[in-house]
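Starting from the two chains in their separate frames, assemble the complex, guided by the hints.
Residue numbers (our numbering), protein chains in the order written: chain A, 427 to 916; chain B, 1415 to 1631.
Quick caveat, the hints were computed from the structure, so don't treat them as lab data.
One or more of the hints may lead you astray.
Examples of chain A residues toward chain B, derived with CB under 10 Å [said to hold, decoys possible]:
| hint | residue |
| --- | --- |
| 1 | F513 |
| 2 | V529 |
| 3 | E574 |
| 4 | M663 |
| 5 | G665 |
| 6 | A666 |
| 7 | T667 |
| 8 | V670 |
| 9 | F708 |
| 10 | R711 |
| 11 | K712 |
| 12 | T714 |
| 13 | R895 |
Stretch by stretch, here's where chain A covers chain B in the computed footprint (C-beta under 8 Å, at least three residues) [as the list claims (entries may be wrong)]:
| hint | segment |
| --- | --- |
| 14 | 1471 to 1481 |
| 15 | 1521 to 1533 |
All values reported here derive from a predicted model rather than from experimental measurement.
Beta carbons are placed, not taken as given, at the ideal position from N, Cα and C, and that holds for glycine.
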Amino acid sequence: MIPTTRPKVELLDQTFIAKILEEAFVILERQGVFVENVEARSLFKKAGMAVDESQQRVTLTRKLVEEALAATPSSIKLYDRSGQKEFLVGGDEVHFNPGSAAVKIFDHQARQERKADTSDLVAFYRLTESLGHLHFQSTGLISADVPEIIADSYRLFLGLQFCTKPVVTGTFRVEGFRPMFEMLAAVRGGTEELRSKPLAIFDACPSPPLKWSHLTSQSLIDCARAGIPSELISMGMTGATSPVTIAGTLVQHVVENLSGLVICQLARAGAPVIFGGSPSSFDMRKGTTPMGAVETMMLDMAYAQIGKHLCLPTHAYMGLSDSKINDSQAGLESGIGAVLAALAGVNVVSGAGMMNFESSQSLEKLVIDDEICGMAYRLISGISQRDEPLALPLFENIRPETQFLTMPHTRKWYRLEHTFPLLADRDPYDAWASLGKKTMADRAFDEVQRILAQNAPRLVEEKLRTELRKIMAADAKQNGAEKLPEIPMT
Amino acid sequence: MTKDDLLKDMAQAIVEGDRQAAEALAKEALARNLDLHEVVEKGYIPGIQKVGDLWERGDYFLPELITSAECMKAAMAVLRPALERARIADVSLGKVVIGTIEGDIHDIGKNLVASMLSANGFEVSDLGADVKLERFIQSALDMKADFICLSALLTTTMLGQRRFMELLKERGLRSQFKVLVGGAPVNQKWADSIGADGYAENAPAAVKLAKSLRGKR
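The shape of chain B in the complex, shown without the other chains (with noise of 0.2 Å):
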């Protein structure tokens, strides 16, 4: 199989969500010593984009959004030694801590988004649903995030958002992270009002807002 070929079918494993084929053309890869930045750019994102253009066209749902995320996040574990070694940093756009606000035990929609931003190359710490506020800063700060996102299904919930942009301003940490807010009661309007940096409806979207608000992309 030529080079080329490979790419291909890597990114058509992710297309179909096809982890088996996606891990095994991951190993194939390493076996085969090509340009592991390479075959991320050109073999698996290229793979994920087309997935988020089928959802955005309305040819994919929910189940194969979902799928095609978790494939890349396997073909990725495969590589990520390798990458590391290599030192080839560049492929994490960013480094991403999310969770469901304290008081919220529904976490669907925050792991679609976790799941989709760690798909197309962002660093992701899920930190799960429930989660106190503080956690959201301290985990925040341990592992040097660009993001915090916080999802809430409640509209009581909601309400934890807004006291959590309180509390980065009371520890001046306001600057150092920038804040996306998401979950059914949420909305643009509501995310100006508490000065979020972004809000997104979706998944997909919630990607597009992550990347544009890096600037890459």
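For reference, chain A alone in the conformation it holds in the complex (with noise of 0.2 Å):
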């Protein structure tokens, strides 16, 4: 049997790629990188490269890098929550996840805009747990009825109570990182079950250009030693925050994910590590980051392949839309980024759901990227070789009113060489119109009721909802709100 070809894109040539390694490593040489956090440089100093404390810039040697890339595991594994099932983030292996972190949820019936409570974030976590195609949540909605301060623990405490899957996510403060490594902990059974299984991937935002903060740096630092896995977001606009070619944003997204890969390891050697990113095409005319714009999906496939022939696990924001609505932009902008995400063989793909320049989550966008990452899997499973020989026996017996409808093979395949897609219209015009003309995101409102109204919420059970909700409560109480949204049960 001949065997199946994975579908695969790659933008960059060997030369090309070698190149913009080359200027990367001579900008982290000469220039270096801006770091705020005072360990993260002293880790620097510790391991004997040139700080400047005045100027808080640090430059790297190629050793150095070498090391640390030596160091870094190519492949990670993550846990859902029971700990039984693995996901392989390595390889070409791809995992949609919803993108994150919207400030606001759009409602498809008032066809606008609005902030998002806590009974949003239970029905974002409940429908991500549903759809098949999302291998991983992402605490992707702010939640607006709790303090600020604590969005990014309120989040996570949600997340982890509606979903079972691996969850991708990030502090907003340093003291963030406390209560949510006791959270994903308390789910674990234990910070050595945590480090041994990882259950969540943490986000990590360098400000460009070439700059990691306080915080985001004490994430790196933090998640390193706790053996959380970090994905770096570098994430230059062309033009804008970094040079306008792409070849050129290519190079500062390098020297920006290897100085953020460097800090892990000199936290702790052999820190999982996620080169990822968000990078845009700045509008030189809107002044705007659009991330449905084909040459930031360009820019994603080029440093995801970048980070493949470095042997490190990739991640990029991809297969999300600009569209304020789910309209045809939202689906094409959708539909190309996954589908290039996939192609590209990119690990970890966030985007599902987001709309307005990764500002806003739509419940129905989420339950039609589930059906957009489902043709992007079957794309990349490839064409197989199911039968030998492939077709002779069919024709055999061939006559003018031969059909296959009946034939054994075609009952025997066409589930496994078929999708049946759940949103897409296939009916005929007059089926459609009598279902009474929906479009597609009228189809997926409908999709989201069913599947809000049917599907009970697997809820954790008492004991670690009580240790959840200890955690939570202390954070918030520490943080002056005394009392959290009661959390709507179905």
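Next up, the structure:
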């Protein structure tokens, strides 16, 4: 049998990758990066690097970076809440998850954005739980009914209760790490158990150009020591906060990511790190950062390819849209992005449900995007040789009236060869019309309602729930919030 | 070179974003002892106005817009000492305090507005990003500002714009300043609801708005 080819797209040839890396090493060595965090700078000093304290600038030798790269695992295993289901983050594995973190939710019926509250987050997590093509969850919405200062821990608090999938999250404040770490350890049954079976990825975003803020450096250090994978989210905006050329921004991207990776390895050698990002093409007319721009996707695919070249797990913000509503733009940008991410073999693809420059989440779009992700998975599963020979026996007794519908061969293979969309309309016109001439967004709305009405939330057991609530309440209290919102149960 | 040619070249230098030429022409104007008021009004200002027009027509994008604005600022810096000596105070269209509100480190949009206001003849004090509300007021009082411009890219910091309006009222300073708001999540409705004096969608629009509120030009 002929082995199945995994379809793949690469934008850079080897000499181009080598050139980008070469220039990145020169910048790391000459200009270095800005590191606000005192502890991170002292780690660099201990490693023998030149540190300019007045400018908070650190230069990195090629040797140090190469040693750090050699110490970084080439793949990571994440586990769901039960610890039974394993997800390999590495190779050409692709794991879609919702985009994070939106400050608003798009209300389908009101046709406008609004702030999200606890009940929206619960709905969002329950949907994520039920959507099969989203392998991971993400703390993708900010709840406006708790004080802003505990927004980071609160979203994880809900996510861990209403969704069993591994979670992509991150801190908004240095102090946020402790309660979030405690919650994860509580779910896993201990800090060592969490280290051996990671449940979460923490995003850390350098500030372009070339700066690791106090908060993000601390997150890298804390995560490295706890064995939590750090996802480096470099986000240059072409021509605004990074060079205007795609290749130039790739150089900056590599500098930022590699310096972050070194911080992780200096904090604890062997710390899991994901080579990721959220760069964008900067719109020179509107001054905005379109995530649905084809150049943004080209940047993503290219740095992911460089990450693979460096034998690192990869991540990108793809499969999302800048549209404000679930229209053609939302579908086309998300569709192209998800398919390209899959073809590029990006390991962690964040974006589902997201609109409006990473600022808004839509439950309806989440369901539509799940279907898009399903198409992308089918695409990269490739064309297989199912039989030997392929088709000769099917034609042995061929006659003009032969049809294939009733052949055992058809029944044997059709479910493996073909996927069936839930939302895409494949009805004849009259059937579609008789169902109310609905758009895909309308059908997605119906589906959201159906899922939320049917599936009872899979709550964590009482003991764990109490423990999580205790951690959350302590964090809230420390930040002046005596009472937390009621959590809706169905 | 005749004076008219010189003035034309000044406008052209701004339109083309040629900083070296803009500065050299300013120096030449000083050396030739030209009427500096005329130099600004008939040389440089028409240049930056043309840039605004090209933006509105869709010919110019942000790189051209911002480069021309920086060019204008550079030329004005050359002329400023002499303008001040000659007491041509009229050149300033008004004083502006601008910044991105506390909790927000995004400042690209704000920088564009500051640059364009400055290039169009406003005296601009840019307080940067992550600026405390109190500091806006203090700086505005210190420089006797006409305008306070508040930028916010995040919905959370947008709320700071409302708090600022309340703070101004509490201090009894509301009538002293014109408050303009901007930023990605901001719109006219929001500006109206918090009682701001104006909202602009982009940098050239902000210049128009400030000019109209100033009642000049």
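Exercise. So which of the earlier hints does this model not fit?
Worked result: 1, 13
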